[in-house]
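Chains as they are written, first to last, in the working numbering: chain A, 283 to 671; chain B, 9 to 608.
Note that these hints are calculated values from the structure, not bench results. Careful: at least some of the hints might be erroneous.
The calculated lysine to any residue pairs, modelled on SDA-like cross-linking and capped at a C-alpha distance of 20 Å, are [said to hold, decoys possible]:
hint : chain 1 : residue 1 : chain 2 : residue 2
1    : B       : K573      : A       : E422
2    : B       : K526      : B       : Q595
3    : B       : K573      : B       : S553
4    : B       : K573      : A       : I400
5    : B       : K579      : A       : E489
6    : B       : K577      : A       : N575
7    : B       : K208      : B       : N177
Covered by chain B, per the in silico footprint, the following chain A stretches (three or more residues, Cβ under 8 Å) [to be verified]:
hint : region
8    : 510–522
9    : 616–627
Just so it is clear, the structure is predicted and the values come from calculations on it, not from any experiment. Note that the Cβ used here is the ideal one computed from N, Cα and C, for glycine as well.
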Amino acid sequence: MKPSDVDVYAPPENSHVSPRALYVHVPFCRHRCGYCDFTLVADKDDLVPAYLKALENEVNRLDGEYEVDTIFIGGGTPTHLSTKQMERLAEILLSRFQLTAGGEFSVEANPDGLSDDIMKTLSGIGVNRISLGVQSFDPEVLKTLERQHTPVEAQAVIERSVDIFAQVSLDLIFGVPGQTFDSWIATLEAARQFPVRHISTYGLTFEKGTDFYRRLQQGRIQVAPDDLERDMYAAAMSQLARAGVPQYEISNFAAVGAECRHNTVYWQANEYFAFGPGAARYVNGVRSTNARNVSRWIHCWLNGKSALQEVEQLSDEEKRREAVFLGLRLVEGIDVSVFRDRFSSDVVEIANASAQQHLQTGLLEIADNHLRLTLDGRFLADTVMADFL
Amino acid sequence: MDARLIRNFSIIAHIDHGKSTLADQLLLKSGTITEREFRSQILDDLDIERDRGITVKARSVTIDYVYQGETYELNLIDTPGHVDFHYEVSRSLAACEGALLLIDAFQGVQAQTVANAYAAIEADLEIVPVVNKIDLAVTRIDEVLDEVETVLGLDGTDALRVSAKAGMNIESVFEAIIERLPPPAGVAKNPFKALVFDSKYDKYRGVVTYVRVVDGSVCKGDNIRFMREGVSSEVIELGQFRPGLVPCDELRPGQVGYILTGVKELNRITIGDTVTMARAPAAEPLPGYQKPKQMVFCGMYPLDATGFESLRDELQKLSLNDSSFSFQPETSDALGFGFRCGFLGMLHMEIVQQRLEREQDMDLIQTAPNVTYEIVNRRGDVMVIDNPQDVPDAGEIQEFKEPIARVTFIVPADNVGTIMQLSQDRRGIYKNTEFLGPQRAQVIYELPLSEIVYDMYDKLKSVTRGYGTMDYEIIGFEAADLVKMDVLVKGERVDALSTIVHRTTSDRRGRALVKRLKTEINKHQFEIAIQAAIGAKIIARETISAFRKNVTAKCYGGDISRKRKLLEKQKAGKKRMKQFGAVEIPQKAFLSVLEANRDE
Ligand SMILES: Nc1nc2c(ncn2[C@@H]2O[C@H](COP(=O)(O)OP(=O)(O)O)[C@@H](O)[C@H]2O)c(=O)[nH]1
Ligand code: SF4
Ligand SMILES: [Mg+2]
Chain A
283 MKPSDVDVYA PPENSHVSPR ALYVHVPFCR HRCGYCDFTL VADKDDLVPA YLKALENEVN
343 RLDGEYEVDT IFIGGGTPTH LSTKQMERLA EILLSRFQLT AGGEFSVEAN PDGLSDDIMK
403 TLSGIGVNRI SLGVQSFDPE VLKTLERQHT PVEAQAVIER SVDIFAQVSL DLIFGVPGQT
463 FDSWIATLEA ARQFPVRHIS TYGLTFEKGT DFYRRLQQGR IQVAPDDLER DMYAAAMSQL
523 ARAGVPQYEI SNFAAVGAEC RHNTVYWQAN EYFAFGPGAA RYVNGVRSTN ARNVSRWIHC
583 WLNGKSALQE VEQLSDEEKR REAVFLGLRL VEGIDVSVFR DRFSSDVVEI ANASAQQHLQ
643 TGLLEIADNH LRLTLDGRFL ADTVMADFL
Chain B
9 MDARLIRNFS IIAHIDHGKS TLADQLLLKS GTITEREFRS QILDDLDIER DRGITVKARS
69 VTIDYVYQGE TYELNLIDTP GHVDFHYEVS RSLAACEGAL LLIDAFQGVQ AQTVANAYAA
129 IEADLEIVPV VNKIDLAVTR IDEVLDEVET VLGLDGTDAL RVSAKAGMNI ESVFEAIIER
189 LPPPAGVAKN PFKALVFDSK YDKYRGVVTY VRVVDGSVCK GDNIRFMREG VSSEVIELGQ
249 FRPGLVPCDE LRPGQVGYIL TGVKELNRIT IGDTVTMARA PAAEPLPGYQ KPKQMVFCGM
309 YPLDATGFES LRDELQKLSL NDSSFSFQPE TSDALGFGFR CGFLGMLHME IVQQRLEREQ
369 DMDLIQTAPN VTYEIVNRRG DVMVIDNPQD VPDAGEIQEF KEPIARVTFI VPADNVGTIM
429 QLSQDRRGIY KNTEFLGPQR AQVIYELPLS EIVYDMYDKL KSVTRGYGTM DYEIIGFEAA
489 DLVKMDVLVK GERVDALSTI VHRTTSDRRG RALVKRLKTE INKHQFEIAI QAAIGAKIIA
549 RETISAFRKN VTAKCYGGDI SRKRKLLEKQ KAGKKRMKQF GAVEIPQKAF LSVLEANRDE
């Protein structure tokens, strides 16, 4: 579909699927880490004012005012903005979006340079959940990842966050070149010491266009062995469950009730608004992604023109299939009845047709009126999910 | 048309010495095509030929040229330039009185120059040596002419010197064609007799038969007869290649053109056949040609079973235009229903396969190619083996024979030792060496065809840094200590991976093969043993450990489209696999036998 064919900023039709979630992308970091392929510019703070102006234009392209249950400001490093800039950002968003009472308002942050001031500002604008890019408590691993903080700094930041925000989440990475199993266990152990109720673990991937990818191609860096990665992932599952933070999604662990509501919108294939470079939205059954090139996005919006990378109108069949692969990411799986009400089709039949062998070999199961991955299945989730596409 | 004003000729050359370029120039300079119509290398009208710059099928064109006040009719019959297509060269030459032997001014005489020149000498043609590319910064014209004399025994003094690319001295080519090549010697009053030297299938017109008239003449409406096939039919249309099909009223002695009849099936027209009149036939047919012999075979299977019929249709269509390609239905436990296809050589195989994949958009599994073998069983019967699966139990075999080729290498003198070593390693029998000058030598070996078809050419090019050339002809079958090597994947024999190997190299081949397969087959959820076996004896083994993790524990924010695309890509990769029991074997793995040989 050509981006010009649809108006992705058309107001959502009023229906039970209209978006009740908002994502905003803040594309600034101090330094680009070697493995990172997110949409961002490193060390280009002078672009922030133009970014904010462009963001304002993009947000205002949408008519009307909306109530949302969740807001998520991601990056990049949103907390790389100054307090003034952060306030301006909030002003832009809150002029058009209102968070319902008891709504979730998350911001991503990095331990380095996370000042008390910015935390207070965040709290002031209503942020009640902070997601910290801690990644590891092993200084060697942090160095490999080119992160700008030390374990000690991370510790201090977590402690202060816990005081300020109702919800604190930590991001941790495994499968890092040179990272040992013991190092990973120690990181999990350290994370458990804090009263945090949400942890995300990411297996490192080598994305095209990153420094890591190039080094891999040149043979200067090694991927972690398959078996080690599996063991690390398994360790996260068991250790965190024991600490009262069980897995609820492929990459996420939470105490009961502390699941990230915003991300759950994605996995349940519900709609959401999104703004900022590289941001992906789902409105009126259309998935669209903004230009990933930060300056192009800024340039376009400063001139009042939209900057889209791609637009995809999903057919009913595609919506259905997508709901299956996304729903399988959740540990509880897909509720057969809910699925039937929404798509007028039987998810068990779809599974029997597309993934019979996984049901037989025990990677998938149907239990408690849910279709879900088994524990074994979670390790091979991509294999299983691909069969539903 | 007066036969005195007709010349029928071919251009023969080693590949890349400029045959197509010269043909283009002749068409352009004579006004057969205009500058505007000029497409480079107009005679190579198949896409793949254009792509690879190789002429596969012989083609023909009629050129009018005014010389000293008279209009001559020059018929250029193009010939393929690759070893695989020798057969097509000889049948084109039979329709000519003369040939231009084109030689690169720097590269000089090469292996196919020799092979093609000999074919022309055998066909009793008048040969005009033409040194091409004289515009190059560095040429060795005098040495090249010496080579023409010493190697080919041709007189180099009157050789032409041209640049086909720059259009230099093209007039001298026309002049030589007219002055030095003899006109055809047909008799107009004799009964009509013409040679079928090619044919092609046209969707709208049926079979287009390419003929060269020897005696008598033919008109529209005549009732003609193909002598060997015994088929009679009315001439619906006849004409000449200018360069498209242009109808005319009559074809007379010496003329080259086409005939359309009611015949719709290409296989009813045999190349080399003689056409005559049904009512007043010629007494004797012209000497025919030998049928081409397929020497390389491979299995072609549709990726999923439903593709069988459409694969059959496509192969049928291809064979309409390529009578030197054969196919027979076969079955494999591993791959289901497919076809065993026969080719003149590896290049021919690659071209057919590409045509299927590219032009017909088919998803194919191709097994590793093998040469054809002969087995004499205990009862003394000779079996032709085109497929390793057909090899009987060892106890049944009295003699296992393989095809032997006489291979001519032309290499820089420095590389003679390396070539000899390479040939020795491949069970070659040394024949002789001849120096073509101080710097180059011709080395002749007899080698098993199986040792050369797959990669000898690549090896030769690499050891001679591109300067070596080779050519070969099959001289017969010889007994050797050959055995069938099977492959077991997870304990089960995958018939499509069986190969025939020489016993002395079987251990090495077996190890290389299982090692290769280990890299081709993805990890599964269980361990997979890959074994090579001769009879019941396991000679090599590798194990693919179970894969234990395939999950991208990452969420890409809300960019669901991206995540989906990654999964789709993974799925697309899977589509090109064949499910074999619980193991998925990617298409490419079936060619491992070939790759394993190259790895060594
Ligand atoms: N310099 C130069 N290059 C030539 C000449 N004739 C052909 N070539 C080049 O040689 C290559 C092979 O020519 P081609 O006609 O395809 O050779 P074929 O394989 O014998 O048909 C092409 O790149 C031509 O452009 C020539 O007279 N001079
Ligand atoms: S801090 Fe995070 S977003 Fe920024 S470059 Fe590093 S990994 Fe990427
Ligand atoms: Mg050519």
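Here is what the structure says about each hint:
{"no.": "1", "hint": "B:K573 with A:E422", "in the structure": "34 Å, violated"}
{"no.": "2", "hint": "B:K526 with B:Q595", "in the structure": "14 Å, holds"}
{"no.": "3", "hint": "B:K573 with B:S553", "in the structure": "28 Å, violated"}
{"no.": "4", "hint": "B:K573 with A:I400", "in the structure": "37 Å, violated"}
{"no.": "5", "hint": "B:K579 with A:E489", "in the structure": "19 Å, holds"}
{"no.": "6", "hint": "B:K577 with A:N575", "in the structure": "24 Å, violated"}
{"no.": "7", "hint": "B:K208 with B:N177", "in the structure": "34 Å, violated"}
{"no.": "8", "hint": "510–522", "in the structure": "holds (count 3)"}
{"no.": "9", "hint": "616–627", "in the structure": "violated (count 0)"}
Hint compliance for this structure: hints 1, 3, 4, 6, 7, 9 are not met, and every other hint is.
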